[in-house]
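Got chain L; can you put chains W, B and X on it based on the hints?
4 protein chains.
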Amino acid sequence: MKHLDVQNRRIENGFRLTRVGITGVRKPVVVQRNGRANHLTALIDVFVDLPSSQKGSHMSRNVEIITEMIDEGVRKDVRSLEDLAGSICKELLERHEYASYAEVRMMADYFLERSTASGWSTLEPFKLMARATARRGNGLMKLVGVEVAGMTACPCAMETVTHMVQEESPGLLDARKAPMISHNQRNITTLMIEVPEHVEVEADDLISIVEGSLSSPTYGILKREDEARVVLDAHRNPKFVEDVVRDILGKLLQKYSGLPDSVCVTVRSESEESIHKHNAFAERDTTLGELRAVEDR
Amino acid sequence: MKHLDVQNRRIENGFRLTRVGITGVRKPVVVQRNGRANHLTALIDVFVDLPSSQKGSHMSRNVEIITEMIDEGVRKDVRSLEDLAGSICKELLERHEYASYAEVRMMADYFLERSTASGWSTLEPFKLMARATARRGNGLMKLVGVEVAGMTACPCAMETVTHMVQEESPGLLDARKAPMISHNQRNITTLMIEVPEHVEVEADDLISIVEGSLSSPTYGILKREDEARVVLDAHRNPKFVEDVVRDILGKLLQKYSGLPDSVCVTVRSESEESIHKHNAFAERDTTLGELRAVEDR
Amino acid sequence: MKHLDVQNRRIENGFRLTRVGITGVRKPVVVQRNGRANHLTALIDVFVDLPSSQKGSHMSRNVEIITEMIDEGVRKDVRSLEDLAGSICKELLERHEYASYAEVRMMADYFLERSTASGWSTLEPFKLMARATARRGNGLMKLVGVEVAGMTACPCAMETVTHMVQEESPGLLDARKAPMISHNQRNITTLMIEVPEHVEVEADDLISIVEGSLSSPTYGILKREDEARVVLDAHRNPKFVEDVVRDILGKLLQKYSGLPDSVCVTVRSESEESIHKHNAFAERDTTLGELRAVEDR
Amino acid sequence: MKHLDVQNRRIENGFRLTRVGITGVRKPVVVQRNGRANHLTALIDVFVDLPSSQKGSHMSRNVEIITEMIDEGVRKDVRSLEDLAGSICKELLERHEYASYAEVRMMADYFLERSTASGWSTLEPFKLMARATARRGNGLMKLVGVEVAGMTACPCAMETVTHMVQEESPGLLDARKAPMISHNQRNITTLMIEVPEHVEVEADDLISIVEGSLSSPTYGILKREDEARVVLDAHRNPKFVEDVVRDILGKLLQKYSGLPDSVCVTVRSESEESIHKHNAFAERDTTLGELRAVEDR
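Residue numbers (this note's numbering), protein chains in the order written: chain L, 796 to 1092; chain W, 796 to 1092; chain B, 796 to 1092; chain X, 796 to 1092.
Pulled out of the complex, with its shape left as it was, chain L reads as follows:
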């Protein structure tokens, strides 16, 4: 039925398309890392561009590539979601001979072992995000991203409450020393870094950077004293979403001092405010170069 290749027909007065492909493909993916196999359920989107003169993109080639690559993943020890995205991206340009651009996006739940203060071990859930983009003739760019749920306690409410308590009941507490109450809440923070193909950025490192920038990480298991410890830690380390984003930016500069200025960075922190029905949000879209500039970073 070769003559029925409707997609391949020439058209006139067409327009180029930026992305044509498939979205919402669900596949089990195995990532081999440090001798440990991570079994992920990935949600995948893949796209190529389409020239103005061609009627359609061959969508079924996209699924063929995903299927082959993900089997290949099992055999070939894929190291990361972003490496897998990169391999699919290259193959997209191979098989869509008319395309000059390819893009792959992936997302998956991911788990890491954590320990509480008193030594309980708990497997904590995170989200991995990966993206690979390639322009024919140029190298591949890959994005490594993580989403981390944690906790923020508000520094502003803490001061106002202390002031209010002191006015109402002078001498009740020593505000310089006593940890003071505030509103605190679940916070969702996203960190994404885009680097050239052969530069390695570990998603696990990004997760650690985010966890270390919140008022406190959170844990599935918290026995009574561990719970009190997390609450105290968070209140001794109150943070606006602005603080969370800035602390992450500072840590990125230290951790990735060897990466080029052109590396793109996106950080977003959203606190599901306990005192409001809406969320507080802060974001920085930038490059390592901008962050390194002393005068206005």
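A few of these clues could be false.
One copy or any two copies: either way a pair holds, since identical chains are not told apart in the list.
As the list claims (entries may be wrong) - Derived lysine-lysine pairs resembling DSS-like cross-links, with alpha carbons at most 27 Å apart: (1) Lys-922 with Lys-1050; (2) Lys-1018 with Lys-885; (3) Lys-1046 with Lys-922; (4) Lys-1050 with Lys-850; (5) Lys-1046 with Lys-850; (6) Lys-1046 with Lys-885; (7) Lys-850 with Lys-1018; (8) Lys-885 with Lys-850; (9) Lys-1046 with Lys-1018; (10) Lys-1050 with Lys-885.
No lab work stands behind these hints, which were simulated from the structure alone.
Because the structure is a prediction, the values reported are computed rather than measured.
Only chains W, B and X this time, still in chain L's reference frame:
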């Protein structure tokens, strides 16, 4: 094309169906209440049952009824989402002559004016839920439901933290008087009551009952002192999700002492724990009669 | 800090609670089946009831059990999500000595190998649902459920369109033989069966029953001829959502003739209508006994 | 409590933030248009940037502005969601004196009257999207966007099926004239145009352009003959997602010939494939200038 009524055909060896209908219908609805018009965007599902001998249900009649009733709503001063659901329910039985059961479900965002401690006025969002069910020959039952977002502060962590602070720094605070820190978070509580057609239950009252049973209601606008006030109030009124559900049950008994024992009540409270990535949840499914029984309620 | 067991305190004038627990716990689960390890990412809710005289439920015990059981799962060859839910359920009653009821719910993406007409192999995504409930002193009940996406083509529009084409252009087609056009769409069908602990129901069988009751199953990879085959098959097998539910009920009676009358069955089919912005829906909630009754099933 | 303005504190070694604000604010909005009041329930996000030397953004000012503007909206006959977004955007720069950038995003369900072929009137749901952005000292840019659900029938499967039927049963149908079967499905298409403040683009026009570029629009009410008409129309007008996007681009060029080359346009079309569990997707991100260039558009 009457002969093309495929739905109406007789079949053999069929099975009765409990619910056949349409889901996800979106319509603007106007509810007239206390002289004020509430313009709601409702999400609507409607169903009838289907006897074992008939091939299909006439789905388009459902949409016709919704369309007529919602226009009628504009003209006839519909009092509430549940009254509208009830009217649609009756009409479903009229036009699906083969049906013995009809059910209508609705959900909509809803807004009420609230005031903060210092007098700021703020329009707060809630969710209304409504359901009407009718069995041919029997009366109509209607369900009035609300979803309210508010705040809970944990009573257990508060005691453990106080204890831990006193052990670490004896004399730092007077724990009998000083409000102490805890984790707090956004809480989503749902309250639903099912009553016979002519019994009136005001959704606004249900919202007030839920707001009064949380550690604190929450507000869109909170200037600095109002924010401190909400935080202090919540910590002076710490609540497990268990407490929230029980306090609502107690208030329902007082408020609805005139309603019959057979009235069904569902209360669910879910706290989006700031110290965990999962939620805490409590629920009671019951009747007013069970709640009124002294020995085991 | 045993004296700080706030949950354990006695209260007066309390109310029993139907379900108290945690929701939205995410865990990697390994299910061993027919010599193959299925790595699932499960979303888990667990609950126990709470007597009227006790202030709170010990939420952290729930997480401890999940953690231990899921590690145990790796070691002990858990056979299915519902068996795992059952084990957690029993342990909940062990450790919440005050509880008389326990309930566990799980959901996970799941994959099965399928072949297209021309022999392509494709890994298709489904959803598994599991629930276990136990009342102290009574046995365990477990629910096995699946969600399957497939395709329905409308039988009514097909006849009306044929009629319309024949009126407009008599003789254009031989309507008794030519497959005729209709609207078709993605359909999501859910099948759930609840059985006593030691009765085995295979989720894979339930998936096959649903796939065989749609106008056609759907596939990730469809080369040109396979795509035409699926489209033709679906149009030669047009189905209302009512038909899908009834065909599943009929197949359940055949497949599970050995199961007791008391077994509960829920079937729901929802077509995301291509000609409407809303969905068509059919449901039957019943028992095998009711389905077996000849006079009114 | 002015001295407690924690947000206003000077910090060292800070970083600029691109967006700081609140997300998920829900408000009822009234838009006056052609003498008709549209009551919308809007979901709103607002942001300003933050200089590197300032600790925090004053989040509560954002809510104050929204509240005032939306009340003002009632009084002042706001013409559109994007005009309201623009007004809020300007006020954000007024009250956040340290900000150089402001951004407002809104989304709401929206309804328009439509007629079926046989004259039934039906209120169809769409989504409105609006965005306004302002850089201090520069003018305002506003984005007008719509999301439309409709129907696509696949041109490729149609040809393959015809070929297959002719091979199996030669002479069964006159393929040059008979409409032939294919898979068809719900399609969600988004069209967004960004223009300077004083340029008017009507959301209703954008909705019409999208509806006219699908295989067929869809309707809530479809009596039997109208349903057949929609199905026939769609199959006589089969469309890939690529075709949908290109047809919209062509219509935009005609409709907006008077708008400057710099105007940004985004078109996305996603078909919820009835034969797959994943979606087909096409997108063009461009400017009117690029679309107008003859050689490579």
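Checked hints:
no. : hint                   : in the structure
1   : Lys-922 with Lys-1050  : within (21 Å within a copy, 40 Å between copies)
2   : Lys-1018 with Lys-885  : between (49 Å within a copy, 22 Å between copies)
3   : Lys-1046 with Lys-922  : within (20 Å within a copy, 40 Å between copies)
4   : Lys-1050 with Lys-850  : between (47 Å within a copy, 23 Å between copies)
5   : Lys-1046 with Lys-850  : between (48 Å within a copy, 18 Å between copies)
6   : Lys-1046 with Lys-885  : neither (32 Å within a copy, 35 Å between copies)
7   : Lys-850 with Lys-1018  : between (61 Å within a copy, 18 Å between copies)
8   : Lys-885 with Lys-850   : within (23 Å within a copy, 44 Å between copies)
9   : Lys-1046 with Lys-1018 : neither (31 Å within a copy, 33 Å between copies)
10  : Lys-1050 with Lys-885  : neither (29 Å within a copy, 39 Å between copies)
Hint violations for this structure: numbers 6, 9 and 10, all remaining hints satisfied.
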